[in-house]
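*Asks:* Listed below, chain by chain, are the residues.
2 protein chains.
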Amino acid sequence: MNQSLQQGFLRSALTKEGHLMTNESFFTWMNKRKASVTVNIDRVAFDQLGQWHFDAKTSNLVHESGKFFAIEGIRVSTNWGHVPSWSQPIINQSEIGFLGIIARKFDGVLHFLMQAKIEPGNINFVQLSPTLQATKSNYTRVHKGNPPNYLDYFLKENRARHTVLLDQLQSEQGARFLRKRNRNIIIEVNEDVPLLEDFCWLTLGQIHHLLGFDNVINMDTRTVISGIPFGDFSRDLIDFYNSIQPSLAPNLEFESGMLMSAIETENHLHSIETIISWFTELKSMYELQVESIGLSEVQDWNITDRHIEQKDGKYFRVIGVRAEIANREVRAWTQPLVESVQEGIIAFIVKKINGVYHFVVQAKLEAGNLDILEMAPTVQCLTGNYRKGYNEYEPAFLDYVLARQEDPKVVKYSTFQSEEGGRFYQEQNRNIIIEADDSFDEDLPDNYIWMTLNQLKTFIKYNNYLNIQARSLISAIKFI
Amino acid sequence: MNQSLQQGFLRSALTKEGHLMTNESFFTWMNKRKASVTVNIDRVAFDQLGQWHFDAKTSNLVHESGKFFAIEGIRVSTNWGHVPSWSQPIINQSEIGFLGIIARKFDGVLHFLMQAKIEPGNINFVQLSPTLQATKSNYTRVHKGNPPNYLDYFLKENRARHTVLLDQLQSEQGARFLRKRNRNIIIEVNEDVPLLEDFCWLTLGQIHHLLGFDNVINMDTRTVISGIPFGDFSRDLIDFYNSIQPSLAPNLEFESGMLMSAIETENHLHSIETIISWFTELKSMYELQVESIGLSEVQDWNITDRHIEQKDGKYFRVIGVRAEIANREVRAWTQPLVESVQEGIIAFIVKKINGVYHFVVQAKLEAGNLDILEMAPTVQCLTGNYRKGYNEYEPAFLDYVLARQEDPKVVKYSTFQSEEGGRFYQEQNRNIIIEADDSFDEDLPDNYIWMTLNQLKTFIKYNNYLNIQARSLISAIKFI
Chain A
14 MNQSLQQGFL RSALTKEGHL MTNESFFTWM NKRKASVTVN IDRVAFDQLG QWHFDAKTSN
74 LVHESGKFFA IEGIRVSTNW GHVPSWSQPI INQSEIGFLG IIARKFDGVL HFLMQAKIEP
134 GNINFVQLSP TLQATKSNYT RVHKGNPPNY LDYFLKENRA RHTVLLDQLQ SEQGARFLRK
194 RNRNIIIEVN EDVPLLEDFC WLTLGQIHHL LGFDNVINMD TRTVISGIPF GDFSRDLIDF
254 YNSIQPSLAP NLEFESGMLM SAIETENHLH SIETIISWFT ELKSMYELQV ESIGLSEVQD
314 WNITDRHIEQ KDGKYFRVIG VRAEIANREV RAWTQPLVES VQEGIIAFIV KKINGVYHFV
374 VQAKLEAGNL DILEMAPTVQ CLTGNYRKGY NEYEPAFLDY VLARQEDPKV VKYSTFQSEE
434 GGRFYQEQNR NIIIEADDSF DEDLPDNYIW MTLNQLKTFI KYNNYLNIQA RSLISAIKFI
Chain B
14 MNQSLQQGFL RSALTKEGHL MTNESFFTWM NKRKASVTVN IDRVAFDQLG QWHFDAKTSN
74 LVHESGKFFA IEGIRVSTNW GHVPSWSQPI INQSEIGFLG IIARKFDGVL HFLMQAKIEP
134 GNINFVQLSP TLQATKSNYT RVHKGNPPNY LDYFLKENRA RHTVLLDQLQ SEQGARFLRK
194 RNRNIIIEVN EDVPLLEDFC WLTLGQIHHL LGFDNVINMD TRTVISGIPF GDFSRDLIDF
254 YNSIQPSLAP NLEFESGMLM SAIETENHLH SIETIISWFT ELKSMYELQV ESIGLSEVQD
314 WNITDRHIEQ KDGKYFRVIG VRAEIANREV RAWTQPLVES VQEGIIAFIV KKINGVYHFV
374 VQAKLEAGNL DILEMAPTVQ CLTGNYRKGY NEYEPAFLDY VLARQEDPKV VKYSTFQSEE
434 GGRFYQEQNR NIIIEADDSF DEDLPDNYIW MTLNQLKTFI KYNNYLNIQA RSLISAIKFI
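Sequence order for the protein chains is A and B.
One gets this note's numbering by counting positions in the first sequence from 1 and adding 13 to each.
One gets this note's numbering by counting positions in the second sequence from 1 and adding 13 to each.
Extracted from the complex, chain A is given alone in its bound form (with noise of 0.2 Å):
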């Protein structure tokens, strides 16, 4: 990519205001938005789901169209972790959706489209999605409602007259889905570009800012803006920029240290090679086998009447829920969630080395991943499974974060963030990131890396490496 594009991003994360929207205008903006429209949630039993229902032979819970997507059965092994082997409840949805952002420059800065967007799961009922969020059943109406707003935009045939800045197939939680990904996209126009009103226009910077609070920025736009580079630059000419700027206030240490971390191609422990060998040598060792079963055949779960669970209420459970809302293209329907029955935490603990903020990135299995492992964040489990004494083992480094989860001192950033609003119901997981002190030990255990931001965006611009959780957390992560 030509580092003009790069540096379009940077500008745009580096503008803390909008020319069209401010921030203080923005939730007098979103709550109106929320108050225009009649939205009713239902939970329903499996019976009053309409268009859906339990396969005779299977009883995999499909949508009588085919299309969608369905709760099935699958039973894994692997020799991963500590447990060999299991079945479980998965969602199989096995097209590729779009996640798509129209961007435009204003002022000569580009600003995001996003839309004020309610889902089915939303805490908050109303977030801010990408421009275009959109299932191939979905855009190619299985549904027989209207085609969703600015489809066009994206469609091979008109996107000649526009710019792609960014074009992936990111992967969807591991645990959750089977082999799920959508393509994550961001186009520049350079026309005007009708305002709708659930539409308005952020620059990047002003989405880090709301990333600053609970659950307003969605799942889809977190994957999509954490693909976004912001250029590839050596130390030296680094230093020469810096040298000829204003130096930064003390109090934007950790932001400064993150945008170099983000641009700066020397300095770091481990080379992309060291990092590719690492991952290859640990996708060497560990296997991971999925068969698709009946969801019937899924071992210690039941179906009620209201619930797909598992027997001891672990992990999470199937719902039935309808579904009433008046902005959307259909206005009332009936849908599977999944609803997470612990709170989680995904957590990167980072540090300085060579100078450079350094990541620590884990090598994660999860049963509906494409390629056996993915790189995830430092620490990643629903955390009521895992509190000491509960389990046979837990997850390393979750003393270390649980013990500091508090400290203002080295909590760099926490919130909580939802999953995506038309799969999961109300899920929220703290998303954290800290900064170890000097004393943190810098070996670390085989399936854990160190790497700077501008290796993890290196990653991600690749595809099929980091996982949704470490993107979620990247997404956030702002320079000023």
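Simulated from the structure, these hints should not be mistaken for laboratory data.
When chains are identical, the list treats them as one kind, so a pair holds in a single copy or across two.
Pairs of lysine-lysine, DSS-like flavour, derived with a Cα cap of 30 Å: (1) 425 - 29; (2) 425 - 365; (3) 491 - 29; (4) 474 - 296; (5) 425 - 474; (6) 365 - 169; (7) 365 - 474.
Keeping the supplied structure of chain A fixed, place chain B upon it in accordance with the hints.
*Replies:* Chain B alone, transformed into the frame defined by chain A:
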């Protein structure tokens, strides 16, 4: 990777004569190796396969240990190409094996430790393989034979003493293997390495030289060396180096042009990001669903006492062989092999654009692909099947290549190279590189794109991009 490692590879590639084994003595040595062992490969009926049998329930052809590999069935459906669904036999070998080469500097030049290895399916019986070529069953000694030579150098506990130069997971043939990958690894050893009698040290330039002959360098060697990088340089820097070096002889114009294409990071027709976007678009559009079925459920294929074969004799057949090889860790064994029933061709069309050689790269779907599509040569097909008039369609650019394949002015490379002799019986494909003339249309069909060699090497580095046929051709490109 630091540039000095890449320069080490380049220096070895430019060293045409070995310090330890001359080109002149190589074939004498190779023939002596061949003469020193007894080789007998006999076709046998399946009921003579000893530890292999057809599973009572699935009819899959399996080893009694459950290890090694199995011949199974798959049912495929896709919206790519002209055939929406089919079933076929496929090799299932889910373990990731080692394809490992030990490298060592002699007089400052990297040499690679190559093995004269006999495989039951090899044309010429003996071909030059990596130092270590071992499945996990193999090196964990399921067959209770001796451990493979030089295995110790590659084991995790010893590897810290050496330098990893390359370490990637790369795919095997997607039409024959179900999501099979191997670990392609090169390690540099800085201590004396005992030289066993079936082994020799060669420079990369010598290996390139031997790739000018038919069926000398085996598939495993080709895939490992295809990923070797030679650096990333700007045009300015290249021009500077060229200005201080003696000008290259005119007959080396193609070779020096290929070197420029391998190392130059500018003047490409498309950026890496544009190529990723092109690939993302295609992966979003095309679906591939693969279901494992029993071999007995595969339609239009028959199992006889000696063959698993397509009813019209198309594509390939599975046969049984009894092998006796005296220098192997097990001296006699039986196994299934896949025999192609037709000749095949793999071809890259290249053209200088913006002063840099670009390759016509195809996005190709094969049933065993891990991720729907891989980047393939311009033409890759069984030629028998696709001769004009024989089928309802024919692959793009096939006519172009066939019409020029005997023209020495445009054919820059042409040999027969073998598929892996441990799984494929005497299968060879024509490997050909053709330089297009000025009139060749730079506008390509949707699923083709122009890339430089530097870009192809970049995608190899990040794994899961180039298929084995593309890598095979790339391995043969020499610079002087």
